[in-house]
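Trainee: In case you want the letters, here they are:
Protein chains: 2
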Amino acid sequence: MKTLLLKKDEVRRLIGMTEVIGAVEEAYRAFNSDQVEQPDYIGIELPSPRGEIDFKLGYYKANEVISMKASSGGFIDNPTAHGVPNGMATIFLFDARSGALVCVMDGSLILGLRTGASGAVSVKALARKDARKVTSVETGNQARMQIRAINEIMQIEEIHAWDNNRDTLFKYKTDIESEYGIPVIVANSKKEAVEQADILITTTRGKGSLVEADWVKTGTHIVAIGTDQRGKQELDPEIFRNAKIVVDSIAQCAEKGETWHPLNKNIIAKDDIHGEIGEVLLGRKPGRESDDEITIFDSTGMAIQDNTTASKIYQNAIANNVGTFFQFFE
Amino acid sequence: MKTLLLKKDEVRRLIGMTEVIGAVEEAYRAFNSDQVEQPDYIGIELPSPRGEIDFKLGYYKANEVISMKASSGGFIDNPTAHGVPNGMATIFLFDARSGALVCVMDGSLILGLRTGASGAVSVKALARKDARKVTSVETGNQARMQIRAINEIMQIEEIHAWDNNRDTLFKYKTDIESEYGIPVIVANSKKEAVEQADILITTTRGKGSLVEADWVKTGTHIVAIGTDQRGKQELDPEIFRNAKIVVDSIAQCAEKGETWHPLNKNIIAKDDIHGEIGEVLLGRKPGRESDDEITIFDSTGMAIQDNTTASKIYQNAIANNVGTFFQFFE
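Sequences listed follow chains F and E, in order.
Position one of the first sequence corresponds to residue 1 (the UniProt record's numbering), numbered consecutively onward.
Position one of the second sequence corresponds to residue 1 (the UniProt record's numbering), numbered consecutively onward.
So here's chain F without its partners, still in its complex pose:
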């Protein structure tokens, strides 16, 4: 059995954002085509100042790959105490035809990439065709990744940005303008930024103040990224009342996504969720139907996105002779 080992730098060189967007789109379609098994994840929570380590398993029947992602986060003393980042990730790929471990790759880049790509996939399916203005509420790494991905699939004319932290905000402006040549307008308030949006992207840690319902103009597409566990929240649940709500997984979003909040407050019922993004991509449910709709994409993240993205990286590595083979047994 030969196992391919891929380092972080190799992973970086082996895949571009366009391919990640394709892989995530494939993941969503597969999820709604009975091609996916994703058991509940398992993990260990460690006492502070450590965080948690989680194991997420996904099986994609069409490509016969089983992926296991081990990811840690919240080990705040790591850089000083152990000389490693406060979160790390490794992805293990198994050939589902034999059970063999075919690849071990560093997974630290994949979460950011596939989450960025998920926003872009939703923009293709749900944003107005004439959308040009993007608003970033909070401006950390994932906000940049969203821009990187959306910039691959449409022309962004200007970005309105808001962040509680002025340093982060101005660094975001400098970086985005130099990297993509898209003008970034620093908003005086979150309200001002939101009011400008054709596409509104929220990537907050989800514990700050919310985006309020009456700031959101008709026709806006909202990409709600930050909320992936109970207790986090980014949006006034009133926004959901008359919006078209599309999620990655109804089971996950109703349980721990942004959608949990309006459900919990009885602002919407489960039946008011329009559907899963895979259903829209497969043409089973309509995407945006008018320029006046407010559309919301609630993303909690799924193991199958790691699976298809890591599989693409693995295929590219094999095709380009990148990586190191290791034989665990003869």
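If you are wondering where the hints come from, they were derived from the structure by calculation, not from laboratory data.
Accuracy of the hints is not assured; some may be wrong.
The calculated SDA-like cross-link candidates involving lysine to any residue, where the alpha carbons are at most 20 Å apart (straight line), are [what the hints assert, rightly or not]:
1. E:K8 x F:K61
2. E:K2 x F:R12
3. F:K61 x F:R12
Only part of the chain E face toward chain F is listed, based on derived beta-carbon distances under 8 Å [what the hints assert, rightly or not]:
4. I42
5. I44
6. I66
7. N78
8. S108
9. F325
10. F328
To list a few chain F residues with every Cβ distance to chain E over 10 Å, as calculated [as the list claims (entries may be wrong)]:
11. N32
12. R50
13. R97
Note that beta-carbon positions come from the ideal geometry of N, C-alpha and C, so glycine has one too.
Model the placement of chain E on the given structure of chain F, informed by the hints.
Mentor: This is chain E only, laid out in the frame that chain F set:
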């Protein structure tokens, strides 16, 4: 982050049975000392002629190691179709202080070794001090492993062996006699073999006929290895009625071990289980109290056994400069 890679041959050279017995004993003690977290395992079942792949997670607080074992089994076409065994295993060790992946080792030998060792640990705690005759009901690989382990901790005078398959049985006799110099008496019937036992080891696939209650003489210690899932069975549940029942994990054994059968038939109640082997090893509960008792050790196997065994192998590798370091990121 540097990750140590260990091949099967290196694993084989890095640990002896005595150390595995020590590691398993440590695992049992740890399990009953609030030092262990073992979430439910997750897995994927594949359609025939493929089998399943399981992921078992264990955290040992005292040594701050998190282990994840990926193991596959039942891929019956593997040798011909893919040139790999029908079951494979890999163990991943994470440093719980940082979340870093510190070791990836082939795990194919560890299940056999630690399961063999578990029988020996139970013999130390529960068999009569004057026990000399061991009976093997079925004579496959795990039956040999049990002998290898028990032979480390006591003097076996003779082995009585029975197997439905005469070829397997005679090969077992030849191998055991040449390897350990212990005479193996081929029994004419299972009954005849069982009646001879001071220590009775059952390692059947658990779907054949059972060891009957009136064959088991007083004072016998039974090591019940084969039953680790619902549907398997090796022993007439009547054997449990007046026996001292010791298990690796009450939760697991009551759910899917040999102990499930007498519980299900109301031959015993849960309170009739004497305790977990760790409690006996820690001196919290007595082991054998008289030469007349029939003792049963029901073992379903626990992730923490993989954890302590693999940790010992990892420590030995570091101490002896064995293995290959791979740096997944700088």
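Trainee: Would you mind marking each hint as holding or not holding in the structure?
Mentor: Now the hints, each set against the structure:
no.	hint	result
1	E:K8 x F:K61	violated, 29 Å
2	E:K2 x F:R12	holds, 19 Å
3	F:K61 x F:R12	violated, 26 Å
4	I42	holds, 4 Å
5	I44	holds, 5 Å
6	I66	holds, 6 Å
7	N78	holds, 5 Å
8	S108	holds, 7 Å
9	F325	violated, 11 Å
10	F328	holds, 4 Å
11	N32	holds, 19 Å
12	R50	violated, 7 Å
13	R97	violated, 7 Å
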